[in-house]
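Fit the two chains together into the complex; they arrive one by one in their own frames, and the hints show the way.
Which chain is which? The protein sequence lines are V and X, in order.
Heads up, the first sequence is in this note's numbering, so the first residue is 1 and it goes up one at a time.
Heads up, the second sequence is in this note's numbering, so the first residue is 450 and it goes up one at a time.
Certain hints may be false.
[Said to hold, decoys possible] Below 16 Å or equal to it, Euclidean Cα-Cα: the simulated EDC-like pairs (lysine to aspartate or glutamate) are:
id : chain 1 : residue 1 : chain 2 : residue 2
1  : V       : Lys-171   : V       : Glu-146
2  : V       : Lys-233   : X       : Asp-527
3  : V       : Lys-349   : X       : Asp-617
4  : X       : Lys-575   : X       : Asp-506
5  : V       : Lys-171   : V       : Asp-253
6  : X       : Lys-575   : X       : Asp-518
For the record, the hints were derived by calculation from the structure and aren't laboratory data.
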Amino acid sequence: MGDASRERVGRLVDVEQGIVSREIFVNDEIYRQELERIFARAWLFLGHESQIPRPGDYFVSSMGEESVILCRDRAGRIHVFLNSCRHRGMKVCRYDEGNTVEFMCPYHGWSYGTDGALVGVPFARDAYGNDLDRARWGLIEVPRLESYKGTIWATWDPAAPAFLDYLGGYKLYLDLLLDAWDGREGGTEVIGGTHKWLMPCNWKFPAENFSGDRYHGVSHRSVDMVGLGPSGKGRRDTQERNESRWLDVSFPDLGHSMIAFLRAHDAPIAPAYQDAPVVAEYFRQCEEERRRRRGAEWRLFGGPGTVFPNASPLARQPRTLAVWHPRGPHQTEAWRWYLVDADAPAEVKDFLRHYYIRYSGPSGLTEQDDMENWNYAHAASRGTIARQHPYNYEMGLGRATGAFEDHGLALPGMISDVTGSASESNQRGFYTRWRQLMGARSWAELAAP
Amino acid sequence: MTEGSPELARLLLKHTVEEFLYREAELLDERRYEEWLDLFTEDVHYWMPMRRNVPRDEPEREFTRPGVDVNWFDEGKDTLTRRVRQILTGVHWAEEPPSRICHLVANVQVLRASPAGPAPAEVEVKSRFIVYRNRVETETDFLVGKREDLLRRVGGDWRIARRKIVLDQNVLLAKNLTVFF
Chain V
1 MGDASRERVG
11 RLVDVEQGIV
21 SREIFVNDEI
31 YRQELERIFA
41 RAWLFLGHES
51 QIPRPGDYFV
61 SSMGEESVIL
71 CRDRAGRIHV
81 FLNSCRHRGM
91 KVCRYDEGNT
101 VEFMCPYHGW
111 SYGTDGALVG
121 VPFARDAYGN
131 DLDRARWGLI
141 EVPRLESYKG
151 TIWATWDPAA
161 PAFLDYLGGY
171 KLYLDLLLDA
181 WDGREGGTEV
191 IGGTHKWLMP
201 CNWKFPAENF
211 SGDRYHGVSH
221 RSVDMVGLGP
231 SGKGRRDTQE
241 RNESRWLDVS
251 FPDLGHSMIA
261 FLRAHDAPIA
271 PAYQDAPVVA
281 EYFRQCEEER
291 RRRRGAEWRL
301 FGGPGTVFPN
311 ASPLARQPRT
321 LAVWHPRGPH
331 QTEAWRWYLV
341 DADAPAEVKD
351 FLRHYYIRYS
361 GPSGLTEQDD
371 MENWNYAHAA
381 SRGTIARQHP
391 YNYEMGLGRA
401 TGAFEDHGLA
411 LPGMISDVTG
421 SASESNQRGF
431 YTRWRQLMGA
441 RSWAELAAP
Chain X
450 MTEGSPELAR
460 LLLKHTVEEF
470 LYREAELLDE
480 RRYEEWLDLF
490 TEDVHYWMPM
500 RRNVPRDEPE
510 REFTRPGVDV
520 NWFDEGKDTL
530 TRRVRQILTG
540 VHWAEEPPSR
550 ICHLVANVQV
560 LRASPAGPAP
570 AEVEVKSRFI
580 VYRNRVETET
590 DFLVGKREDL
600 LRRVGGDWRI
610 ARRKIVLDQN
620 VLLAKNLTVF
630 F
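Extracted from the complex, chain X is given alone in its bound form (with noise of 0.2 Å):
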C-alpha cells in the first residue's frame, strides 16, 4: 500500500467517516443539540420506519413507508430543530430533569462513494447503534438498531444529508422517543 493508491484513500475515506460519526455521537451524549443540528443538510430526511411481523418472504412488508405510511420518525430539518427546541424550553418533562445517554456507534461500513475517486462529494454509510438512556432513578431504555446515512460534503466537512434509522423492535419498549438517533 503506497501514498496515492486506492487501498489507502479508501481507508482514509472510512476514517473520515468513523471521526464524523464518533463526533456527532459526542454532540449529542454532551447535549450539544444545536451544534448536532448543524450536522445536517437543509433537505434532510430523517426517516425511522415501524417494523412489523411479516412472513420471511414478503419482506417489503416488514417496514413502514416514507411519505406514505406512520413512522416512529419521518421529516425533515424543521421538525427535527422543533425537537431540538422543545428540549431545550426546560419545560420538556420528558426530558426534564435530562436523561443520561450514551450513543455506542459501530460496525461502520462505506457502501458507496461518488464520484469515485480521493475527494468523494457523497457516501452512503450503513453502521449500528446502541443508544442507552437513563433517567430520572432507574429508568432505562435500550435502543438497539441501524443507520443508513447519506453524508454530502458540504466545505471540506460530512453532512448528513439522509439517514434511515431501523429500530430493532416491534412494539416500541420505551415509553417515549425523545432521544435522537
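Just chain V, with the same shape it has in the complex (with noise of 0.2 Å):
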C-alpha cells in the first residue's frame, strides 16, 4: 500500500479540512495519471441505445481521451470498440453515427466487421502466407460493458466491480433522469443531435459543479433577470422546489452525487410547464400516475448530479445527460445527450426540446456563463504563486448524516439537508473518490480494507 502517489494526493486534497490543491487541474503529471488511474478503470458513459437501434448502426464516442466506436452488429448485440486499426493505429471510423456492414481502415485497407472481427486483410494469402492469425488482430474491444435503462456504459479495467455495483445506492437518484416520469422503469429516449464543445478548462470544473454547486446562482443571474423557464420565468419551474426540502446526497466512497429535492410528505402536485396548456396537464397527470405507482419515493426529484468521474445527469429541468471528456489538463470536450419519455407526445417533445435548446450547451443563456467563469477560473490557478494557494470546499463541512429519514421516507447517500442554502458536501464526495483511485494501483487494492 506504500505508493508514493497516495501520499501525494492525500496532500493535494484534505477533504476532511475543505482543501484541494489547484495542482489537481493544472498539473501536467497527476492528469496523466488520471487518464490511467480514473479513466482507463472508471465506468463511463458512451451513448443511449436509442441512437443505435437495427444492426449495424454506430455511434462513434470517447472514453477519456480516445476515441471508441459504439456498435450493434449484424446479431442486435452491442460492442464498444477502441477506435484504431491493430495494423498501424489509423481510425477505422471518422463518421459520427451511420450504418454499416464494416469498418474499413483507409490506410491498408484492413476491415472488422461490425461484432469487431477482422475479416478482410488486402494480400492476406501473398503477403502472410497463412500465418496471419485473424482471431488475435481483431478490433480491440472493452472488456466490460453494460446497458442500462437505455444508457450504455463501458469499462477498460476488467477487474472493475459490477456497473450496478459500481453505482451502488445512486442507483435511485440516476433512476430520476431515466425512468418515464409517470414512475415506468426506463423508457427514455434521446432527441436527434449530441452537442459537441470544447472548453478551455480541466474537466473536474464541470464535474464537480454538476455535483452539487448549488451556490453559483450568481453566474446565472442575467438568466434569471431575462426568464427563458418553461413557464416564463427564471431557469426552470420553481414552486416545486420551494415546497421542497433541498437535499446534497453525496456517496463519497463511489464519487457520484446529486443536487435532489423532497416534497412536503403531503404536499400537492405543483403547476409547472405553464407556458403551454397542453404541456402543463401532460406533465400533471405524470406526476399523479408517478406518485400513483411510487408512493412515498414520488416525493424525490432530481436536479444536476455527477456520476464518478465524468457523466454529468441532469434529471428534471432540462433532462439531460453530459459528458466531460479530459483533452489535456488545460481542456475538455463536452458532449450532451438530451432525454425525454419514448412516449411523450410530440408536442411536448417538442416544447423539451426548445427548453432544451434555450438552456444548455453553448448556444443556451444559462451555460454560456458557465463556461465563462470554468475557462477563467482554470486560467487564473495556473500560475506559480496560484497554484501555491488551495481551494476552498469548507461549505457545510460535518452536516451530512448517512440516516437521512423524512415522514418514514428512508434516503440512501451522504445527505445535508440545505434548504434554501447551499454546502460543498457533495464536492468534498467527489474529491474523495479521486483520492481514493488516484492513490490505488488496482481495484483491488481499492477494495482491501
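Structure follows, in C-alpha cells:
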C-alpha cells in the first residue's frame, strides 16, 4: 500500500478540512495519472441505445481521450471498440454515426465486421502466407459493457466492480433521470443531435459543478432576470423546489452525487410548464401517475449530479446527460444528450426540445456563463503563485448524515439538508473518490480494507 | 443596359440586399442589439444546425433538422429577444466585459425573388460570413460559414423572415455562442 502517489494526492486533497490544491486541476503529471487511474478504470458513459436501434448502427464516442465506436452488430449485440486499426493505428471510422456492414481502415485496408472481427486483409495470402492469426487481431474491445435503462456504459478495467455495484445507492438518483415521468421504469430516449464543444478548462470544473454546486446563482443572474423557464420565468419551474427540502446527496466512497429535492409528505402537485397548457396537463397527469406508482418515493426529484468521474445527469429541468471528456489538463470536450419520454406526445417533446436548446450548452442562455467562469477560473489557477493556494470547500463541513429520514421515507447516501442554502458536501464526496482512485494501483487495492 | 432593363433591376435589387446585410452587420458590431432585433419579422425562424461527419453519399444526415433535432439555434423572435435582453443586463458574464466582434459578410447572391419584376416582396439570399470574436485579453474565435436568408419587404425596407446559419465546424471550437450571426 506504500504508494508514493497515495501520499501525494492525500496532501493535495484534504476533504476532511475542505481544502483542495489547485495542482490537481493544472498539473500535467497529475492529468496523465488521471487518464490511467480514473479514465482507464472507471465506468464511463458512451451513448444511448436509441442512437443505435438497428443492426449495423454505430455512434462514435469517447472514453477519456480516446475515440471508441459504439456499435450494434449484425446479430443485434452491442459492442464498444477502440477506434484504431490493429495494423498501424489509423482510425477505422471518422464518421460520427451511421449504419455499416464493416469498418475499413483507409490506410492499408484492413477491415472489421460490426462484431469487431478482422474480416479483410489485403493480399492476405501473398503477403502473410497463412500465418496471420486473424482471431488475434480484431478491434480492441472493452472487456465490460452495461446497458442500463437505455444508457450504455463501459470500462477498460476487467477488474472493475459490476456496473450496478459501481452505482451502488446512487441508482435511485440516476433513475430520476432515466425512468419515465409517470414512474414506469426506463422508457427514455434521446433527441437526435449531440451537442459537442470545447471548453478551455480542466474536466473537473464541470464535473464538480454538476456534482452539487447550488452556490453559483450569481453566475446565472442574467438568466433569472430575463427568464427562459418552461413557465416563462427564471431558469426553471421553482414552486416545486420552493415547497421541498433541498438535499445534497453524496456517496463519497463511490464519488457520485446529486442535488435532490424532497417534497413535503403532504405536498400537492405544483404547477409547472405553464407556458403551454397541453404540456402542463401532460406533466400534471404524469405526476399523478408517478405518485400512484411510487408512493412516498414520488416526493423525491432530482437536479444536477455527477456519476463519477465525468457523466453528469440533469434529472429534471432540463433533462440531460453530459459527459466531460478530458482533452489535456487545460481543455475539456463537452458532449450532451437530451432526454425525453419515448412515448410523450410530439407537442411535449417539441416544447422540451426548445427549452433544452435555449437553456443548455454553448448556445444556451444559462450555460454560456458557466463556460466563462470555468475558463477563467482555470486560467487564473495556473500560475506559480496561484498554485500555492488551494481552493476552499469548507461549506457545510460535518453536516451530512448517513441516516436521512423524513416522514418514514429513508434515503440512501450522505445527505445534507441545505434548504434555502447550499453546501459543498457533494464536491467533497467527488474528491474523496478521486483521492481513492488516484492513490490506488488497482481495483483490488481499492476494495481492500 | 438601359434604365428599366431587367439587368439593371437585378443589380439594384442585389445592391439593396447587400446594403441591408452590411447595415445589419454594422448594428451588431456597434452593439446596437435592439435595433438589430427590429430587422427581424415577428415570425422569424433563426436556425443553426449542427454538422455531422457522414459519408458523402448520405448528405441528408449531415445537418441536424429544425423542428426535430437538437440544434445550436432553432428559435423565433421571442428567444432572440431574450438573448439580447440578457446581454443588456450587464451581468451576463459570457459577454461582460463585452467581446470585440466583427462581422464580415461576402459572396452575396440573390437566389430567388418573388414576384418577379422590379419590386419583389421576398428574396432568398445566400451569403458567407466570418465572425471574429476577441474578448478579455487574448481569447479569439473565428466562426466561418454560410447564411441562407429569406428577406421580406416590409414598409419599404427588408426584414429577415428566415435565417439558416451553417457554421463550418463539427465539434464547436468556441466555448460558447454568445455572438449573433
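Restraint check for Lys-349/V with Asp-617/X, where alpha carbons must lie at most 16 Å apart: It is violated: about 28 Å lies between the C-alpha atoms, which goes past 16 Å.
Given the hint that Lys-171/V pairs with Glu-146/V, test it: the Cα-Cα distance must not exceed 16 Å. Holds - the C-alpha atoms of Glu-146/V and Lys-171/V are around 14 Å apart, at most 16 Å.
Would you check the hint for Lys-171/V and Asp-253/V, treating anything up to 16 Å between C-alpha atoms as holding? 14 Å, holds
Below or equal to 16 Å on CA atoms is what counts here, so check Lys-233/V against Asp-527/X. Holds, at about 13 Å.
Given the hinted pair Lys-575/X and Asp-518/X, is their Cα-Cα distance within 16 Å? 23 Å, violated
Hint check: Lys-575/X vs Asp-506/X, CA-CA at most 16 Å. Holds or violated? 24 Å, violated
The earlier numbered hints that this structure contradicts are 3, 4 and 6.
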